[in-house]
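> Chain order of the listed sequences is A and B.
Under the numbering used here, the first residue of the first sequence carries the number 1, and numbering increases by one thereafter.
Under the numbering used here, the first residue of the second sequence carries the number 1, and numbering increases by one thereafter.
Note that these hints are calculated values from the structure, not bench results.
Certain hints may be false.
For chains that are exact copies, the list does not tell them apart, and a pair is met inside one copy or across any two.
Straight-line distance between alpha carbons at most 25 Å, and here's what the computed DMTMM-like set of lysine to aspartate or glutamate pairs gives [said to hold, decoys possible]:
id, residue 1, residue 2
1, Lys381, Glu340
2, Lys73, Asp63
3, Lys76, Glu412
4, Lys187, Glu57
5, Lys36, Glu244
6, Lys410, Asp314
7, Lys247, Glu85
8, Lys410, Glu328
9, Lys62, Asp81
10, Lys247, Glu64
11, Lys267, Glu87
12, Lys62, Glu272
Number of protein chains: 2
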Amino acid sequence: MLSTALITDLYELTMAQSYLESGKLGKAVFSLFVRKLPKNRNFLVSCGLETLLEYIEKFRFKDEELMYLKSLKIFKDSFLDYLREYEFRGSIYAIPEGRIVFQNEPIVQVEASLPDAQILETLVINVIHFQTLSASKAVRSYLVSKGKTLIDFGLRRAHMPEAGLYAARAGYIAGFEGSSNLLAGMKFGIPVFGTMAHSFVMVFDEEIDAFRAFARSFPDRTVLLVDTYDTLEGAKKAVKLMKEGIKIVGVRLDSGDIEELSKGVRKIFDTEGFKDVKIVVSGGVDEYDIQRWLSAGCPIDAFGVGTKFITSEDAPYLDIAYKLVEYEGKPKYKLSPGKETFPYKRQVIRHYAGEKMEYDQVVRYTEDGLVRLILHEGKLKKKLPTLLEIRETLMEELKSLPESLASLEKSEYTVKIEHIP
Amino acid sequence: MLSTALITDLYELTMAQSYLESGKLGKAVFSLFVRKLPKNRNFLVSCGLETLLEYIEKFRFKDEELMYLKSLKIFKDSFLDYLREYEFRGSIYAIPEGRIVFQNEPIVQVEASLPDAQILETLVINVIHFQTLSASKAVRSYLVSKGKTLIDFGLRRAHMPEAGLYAARAGYIAGFEGSSNLLAGMKFGIPVFGTMAHSFVMVFDEEIDAFRAFARSFPDRTVLLVDTYDTLEGAKKAVKLMKEGIKIVGVRLDSGDIEELSKGVRKIFDTEGFKDVKIVVSGGVDEYDIQRWLSAGCPIDAFGVGTKFITSEDAPYLDIAYKLVEYEGKPKYKLSPGKETFPYKRQVIRHYAGEKMEYDQVVRYTEDGLVRLILHEGKLKKKLPTLLEIRETLMEELKSLPESLASLEKSEYTVKIEHIP
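Turn these sequences into a full structure, and let the hints steer you where they fit.
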């Protein structure tokens with residue numbers, strides 16, 4: 001990857017130059033937190049820290065970036081020299097990936113000299129925001145899926161390929177079994193899944209010829225898309241092939257009345273003795289569909305979850321901010337209406353009633369709590385967890401989630417913020 | 001940039017292997033179109049073609065990709081050899097960037113051998129979808145902005161940096177003056193804008209000291225953020241500095257009751273004789289806000305349009321598809337409920353009543369119409385337009401847009417699809 005240094009709003013650099021010129025070089029703490037949860041979210045899943053650290057490592061102003069900045073005729077040479085030497089050597093405190101988090105909890109806190117911490121603002125928000133958004137959306141499908149398989153099919157409608165890649169990562173952390181996205185498979189080792197498209201069926205004169213050709217190419221993993229012309233007829237053709245001894249792992253339904261069709265298809269297979277053939281459903285699927293279909297007893301084995309997941313359609317952004325909370329050890333507050341901030345570096349203490357989470361406290365930073373020191377003066381404190389370990393962290397964490405929060409109905413969790421005078 | 005070859009759903013490759021094995025190598029035409037416009041869109045702006053061509057050029061399976069694909073144990077060596085040689089040598093017909101388009105109009109049509117055209121599906125949808133989505137959202141702000149300046153402030157909440165970059169491009173095409181995004185400035189030559197954040201103000205003991213420091217660093221381009229503590233008091237401090245002879249270009253308001261505050265701030269400046277100081281407003285701004293504020297006579301000179309633009313918040317995706325419409329010269333239809341397709345390579349003919357667009361016809365392909373041959377057998381037919389030329393195309397095009405479609409109220413445009421037997 002190229003330098004990430006220009007993934008930056010211009011004002012980060014104008015401020016930094018002015019800090020340097022005004023001698024404002026003291027130690028600052030910035031806190032990344034979500035002010036308020038979207039109306040359809042009862043909690044969030046922290047996600048994106050590993051990616052952020054990779055992007056910060058590549059946050060270096062090379063000749064190309066410096067020449068461009070010089071061409072703007074805004075910056076002084078002394079400041080461009082500062083940028084040339086820039087390398088993040090501060091500390092990062094964060095809630096590790098795969099934890100359940102809430103409003104006003106410091107997901108990431110950056111501690112460094114004021115200009116050094118300031119210029120990372122845009123990057124820190126951007127990277128943590130999107131993966132936290134994606135994991136928080138994906139986990140809702142996971143929570144209502146009753147053990148059924150979920151697969152990310154979203155890449156095509158992701159907001160550019162990079163979003164598709166990192167949403168696949170977030171979805172996997174949040175309980176998806178895999179993704180259709182090959183780059184996510186290569187880069188993160190996420191299991192990849194895929195079947196066929198309507199075009200494949202259409203290119204053969206007869207639907208059954210398409211099925212036969214595909215089964216010949218992939219004898220051990222044939223999943224047939226059966227809704228191109230008529231879903232039940234498509235399922236009957238799958239039966240015909242199986243009776244000829246061809247192995248069919250499953251069928252996919254991508255349109256129509258899924259409740260009626262999934263039951264109809266299941267009945268066709270079961271009547272003929274093919275009880276092991278799986279039914280996969282896709283096509284605009286979200287957590288509300290999954291919950292409704294499973295409640296209605298639809299015999300669906302797997303869901304391809306695409307567009308609505310990958311765009312976080314019902315909440316396409318979080319009200320997330322990166323705010324100065326401490327400078328030279330002194331508290332920093334902002335009083336703008338609706339955007340007040342809480343000063344000081346913070347820790348989050350989670351309280352439990354039995355096995356379930358009861359409420360959180362956001363207190364002045366101490367060592368014990370959800371927030372961990374991740375990067376100490378530019379150096380990683382401890383090897384980061386693997387993707388699988390992060391996923392397991394979340395799976396474990398979900399056991400302590402109160403039922404009300406695990407539901408698609410809105411529910412509030414108490415976060416008590418210690419007011420420090 | 002690395003290879004783009006794995007920006008691909010697995011099923012594109014399983015299908016391609018099966019096409020090769022089944023001898024399905026005839027000429028295919030795939031069409032990218034939007035089935036139905038989102039409820040808050042009266043039209044779309046075609047966008048992303050240049051990016052798509054760049055990404056297609058880099059769509060090459062290198063050793064790393066091939067090794068990964070081999071490790072999946074799905075593909076035959078003969079197919080991996082096909083991928084190793086893959087280079088797009090087909091043709092692309094497209095509606096150029098910056099044109100107004102509607103449902104069922106073929107934004108991009110790919111003509112190539114069936115497997116060659118199939119495996120580009122995910123990439124084509126992904127790249128054109130996002131920029132068309134972004135331009136179509138941005139132009140709504142442009143249409144209600146009455147000549148006021150619009151600036152993209154969205155990078156931080158974009159769905160990863162790549163989305164921020166290409167949304168900035170799309171926004172610029174759609175009439176924005178520039179962006180806060182430095183990478184967009186470097187890569188596309190888009191003018192960059194920026195001021196200061198609340199953190200800058202908070203780090204000084206007195207707000208006026210922050211203002212003074214910033215003005216000292218940027219004597220010719222000082223825009224002060226005045227809402228950190230009290231907006232009207234902030235504006236009075238700006239006046240105080242101007243009376244000392246310090247030049248202030250403008251102030252930014254990022255919170256509070258914008259109607260009341262913008263009028264209050266304007267009055268403070270005008271009363272003191274500083275009629276040239278601009279007022280910039282940001283903070284969750286969208287086209288509805290802009291229309292409401294300008295209708296209420298708010299004296300706002302520029303809007304920073306951020307999150308709701310860059311996530312296309314009220315319509316975060318388009319119902320876009322890439323469908324096989326023709327194979328070996330024969331029409332291809334799909335009959336899935338709600339997802340019917342229209343066969344054959346197509347042209348779009350636009351009809352006018354006087355200077356205004358009246359209706360479009362989607363007919364069988366001929367040379368004259370909105371659709372142009374862009375890439376002929378892998379070669380660019382004609383130099384692509386510059387970003388500025390695309391922007392001018394759209395500005396010209398908007399003059400022919402019927403008033404009803406230019407409004408934020410829902411309105412329908414007629415697209416007649418020629419049914420070819």
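> Since the copies are identical, ignore which copy is meant and state whether Lys247 and Glu64 lie within 25 Å (CA to CA) inside a copy, between copies, both or neither.
neither (56 Å within a copy, 32 Å between copies)
> Measure nothing new, just compare the shortest in-copy and cross-copy C-alpha distances for Lys410 and Glu328 to 25 Å and report within, between, both or neither.
neither (40 Å within a copy, 53 Å between copies)
> Between Lys247 and Glu85, at a C-alpha cutoff of 25 Å, which is it: within one copy, between copies, both, or neither?
For Lys247 and Glu85, neither the intra-copy (61 Å) nor the inter-copy (32 Å) Cα distance is at most 25 Å.
> With 25 Å as the alpha-carbon cut-off, assign the pair Lys267 and Glu87 to within, between, both or neither.
Result: close neither inside a copy nor across copies, 63 Å intra and 45 Å inter.
> Classify it for me, Lys410 with Asp314: is the Cα-Cα distance of at most 25 Å met within a copy, between copies, both or neither?
both (13 Å within a copy, 21 Å between copies)
> Given identical chains, is Lys381 near Glu340, meaning Cα to Cα at most 25 Å, within a copy, between copies, both, or neither?
Cα proximity of Lys381 and Glu340: none, with 32 Å in one copy and 56 Å across.
> At most 25 Å between CA atoms: does that hold for Lys187 and Glu57 within a copy, between copies, both, or neither?
Result: close both inside a copy and across copies, 18 Å intra and 21 Å inter.
> What label fits Lys76 with Glu412 when the C-alpha limit is 25 Å: within, between, both, or neither?
neither (50 Å within a copy, 53 Å between copies)
> At most 25 Å between alpha carbons: which applies to Lys36 and Glu244, within, between, both or neither?
neither (58 Å within a copy, 41 Å between copies)
> If the cutoff is 25 Å on CA atoms, where do Lys62 and Asp81 land: within, between, both or neither? Let me know, please.
within (11 Å within a copy, 38 Å between copies)
> Can you give me the call for Lys73 and Asp63, within, between, both or neither, at a CA distance of at most 25 Å?
within (16 Å within a copy, 43 Å between copies)
> For the identical chains here, do Lys62 and Glu272 meet the 25 Å Cα criterion within one copy, between copies, both, or neither?
neither (66 Å within a copy, 46 Å between copies)
Hint compliance for this structure: hints 1, 3, 5, 7, 8, 10, 11 and 12 are broken, all remaining hints hold.
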